[in-house]
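Q: Letter by letter, the chains look like this.
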Amino acid sequence: MNFWNSRYVMLVRRELWEHRTLWLAPAVVAALMVILPMFGNFRAGPGFQINVNAPEVPTAVQQYFGQIVMVSLATVLGVVSCIVSVIYLLDSLFAERKDRSILFWKSLPVTDTETVLSKLVLALVIIPLMTLLLAFAAYCMLAGLLYLRYEQLRPALENLSLAQGLISVGQLVNTWLFVLLWYAPVAAYLMLASVLARRAPLVYAVLPPFVVVMIESMLFGTDHVARLLRRWLLPTSQRDPASDFRLSDGRIMDGPDWANALSQPDIWLGLAAAVVMVYIVIRLRRYRDDT
Amino acid sequence: MTAIIEARGLSKRYGRGKQAVDGVNFTVGAGRIVGLIGRNGAGKTTVIKSVLGLTPYEGELSVLGRDPTTERGALMREVSFIADVAVLPKWLQVKDALDYVQGVHPAFNRERAEAFLAATDVKLKHKVKQLSKGMVTQLHLALVMAIRARLLVLDEPTLGLDLLVRRRFYDTLVNDYMDEERTILVTTHQVEEIEHLLTDVIFIEQGRIVLDTPTDQIAGRYAQVIVTNDQLPAARAMKPFSERPLFGRTVLFFENVPPEQLATLGEVGTPSIADLFVARMQEAA
Chain V
0 MNFWNSRYVM LVRRELWEHR TLWLAPAVVA ALMVILPMFG NFRAGPGFQI NVNAPEVPTA
60 VQQYFGQIVM VSLATVLGVV SCIVSVIYLL DSLFAERKDR SILFWKSLPV TDTETVLSKL
120 VLALVIIPLM TLLLAFAAYC MLAGLLYLRY EQLRPALENL SLAQGLISVG QLVNTWLFVL
180 LWYAPVAAYL MLASVLARRA PLVYAVLPPF VVVMIESMLF GTDHVARLLR RWLLPTSQRD
240 PASDFRLSDG RIMDGPDWAN ALSQPDIWLG LAAAVVMVYI VIRLRRYRDD T
Chain G
0 MTAIIEARGL SKRYGRGKQA VDGVNFTVGA GRIVGLIGRN GAGKTTVIKS VLGLTPYEGE
60 LSVLGRDPTT ERGALMREVS FIADVAVLPK WLQVKDALDY VQGVHPAFNR ERAEAFLAAT
120 DVKLKHKVKQ LSKGMVTQLH LALVMAIRAR LLVLDEPTLG LDLLVRRRFY DTLVNDYMDE
180 ERTILVTTHQ VEEIEHLLTD VIFIEQGRIV LDTPTDQIAG RYAQVIVTND QLPAARAMKP
240 FSERPLFGRT VLFFENVPPE QLATLGEVGT PSIADLFVAR MQEAA
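Protein chains in written order, with numbering that gives the first Met the number 0: chain V, 0 to 290; chain G, 0 to 284.
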């Protein structure tokens, strides 16, 4: 039995058969981002050349053009993957009950722990890494195709190098690790909504925090929960905006502030909450009579 | 006889509603083919779901020596089941279904599943949503029959299939699947079709077992006699537990009455399981 047919790979492949948008949506967007620039028209006139190395272009843009392109591609694809992953997680333990296929899955020797964890790992690890790989592939193809297609762009494209792309890949992996730890409780929460929902898992996910925020504001006139949620969901909004995208050590992107993040209780509390929620999800799928 | 399933005081109540299963005791031995027979809502499916660890229950239950609630993961390596037909998801491709079961089930024999499918209209490239309900059931049966499980549990496995396919399924089940190391627990509405292959029957009504017997003991215990109307009072005097009219005559069912006593009344025979079931239900009503 080869790797692709091995037990745990099979569990993940099963998810990708059911939720084809997980890989289709980022793949289509990546293809568009590579193909669409090929239809541009830079023949403005004889002797026209675009040169990002020209003096009037800021030095940073010249130097880090490759990183800018790579990070932009990864950001667009990351947003797409993020959206499809949220949809996936909400559906992950709901669809099998809706179509009653849970009776088939439960007839096979796959434990509920394995099932739940395979779904979580897919959303938090495999999809992000696949997206990053896709972004890098798109970067390489874009650089190559632009070079072939537009003769007048060639001087500018020298900065679209493999090395520049790889610097960003390293940075993005670092960022993903932070995102993984920070958003693990969000993913677990979405799965909890999915396993609890009788219909419309999105409503099950959104309504409780919304109601709590409303009640708090009506009873006490405060917004602690809303602020907590905002800080949890959009952690960068707490940062000094000036620190974003500053240049440090030849990289255009600031990595996560690991020392600070790991010394603060936030990330640990979040992970503890994630573990508790995943445990509840597994118990519910195991012991509740869904049929 | 090793006990494959052992139930003692098995009970289940849904919420505050009715008692679906009410203190049931039964034993299923190795190598038996047991028919669990009852009307809709009699508790068959609840018993089966308890055995498979799909629902919480009260009482004691041991399946292959394991507790189906706490040891479900280990149990599913040795038990396979169809708890309902047509539950394969629409997006699943036939080839992928085979790949998946092969990947996660150590006792799955892919050649066997493909051989079963080859005789049907189900093709490897089909998706479940392209298949008719009967074909989905055939796919499901192919997958389950290719698993060498010690216990096979089938809840209405042939629902929605036509007669030819049903016949072929049961023939395959008995000839290719069954051996002395395997045990089958099956429920069905079409008792007549499987009564010749059952080794035991359990009748369940309103959550209680009303009959639990090996089929080869039915003849020694139960008898039916077909009498004309002039013999009817004499026959009734012998305390039949049930009767039904038959083309101007009457069939009466007796338990533990010697056949030679009945022979004077009319045509004596052994009731079929279906007749016995109907008779038992009429008696209970």
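A couple of the hints might just be wrong.
If you want the footprint, here are the derived chain V segments under chain G, 3+ residues with CB under 8 Å [unchecked claim]: (1) 6 to 16; (2) 145 to 151.
Below, simulated DSSO-like cross-link-like pairs (lysine-lysine); rule was C-alpha separation at most 27 Å, straight line [said to hold, decoys possible]: (3) G:Lys132 to G:Lys122; (4) G:Lys126 to V:Lys97; (5) G:Lys132 to V:Lys97.
Don't read these hints as lab results, they were simulated from the structure. Virtual Cβ for every residue (Gly too), placed ideally from N, Cα, C.
Q: Confirm or reject each hint.
A: Hint check results:
{"no.": "1", "hint": "6 to 16", "verdict": "holds (count 7)"}
{"no.": "2", "hint": "145 to 151", "verdict": "violated (count 0)"}
{"no.": "3", "hint": "G:Lys132 to G:Lys122", "verdict": "14 Å, holds"}
{"no.": "4", "hint": "G:Lys126 to V:Lys97", "verdict": "18 Å, holds"}
{"no.": "5", "hint": "G:Lys132 to V:Lys97", "verdict": "18 Å, holds"}
The earlier numbered hint that this structure contradicts is number 2, and it is the only one.
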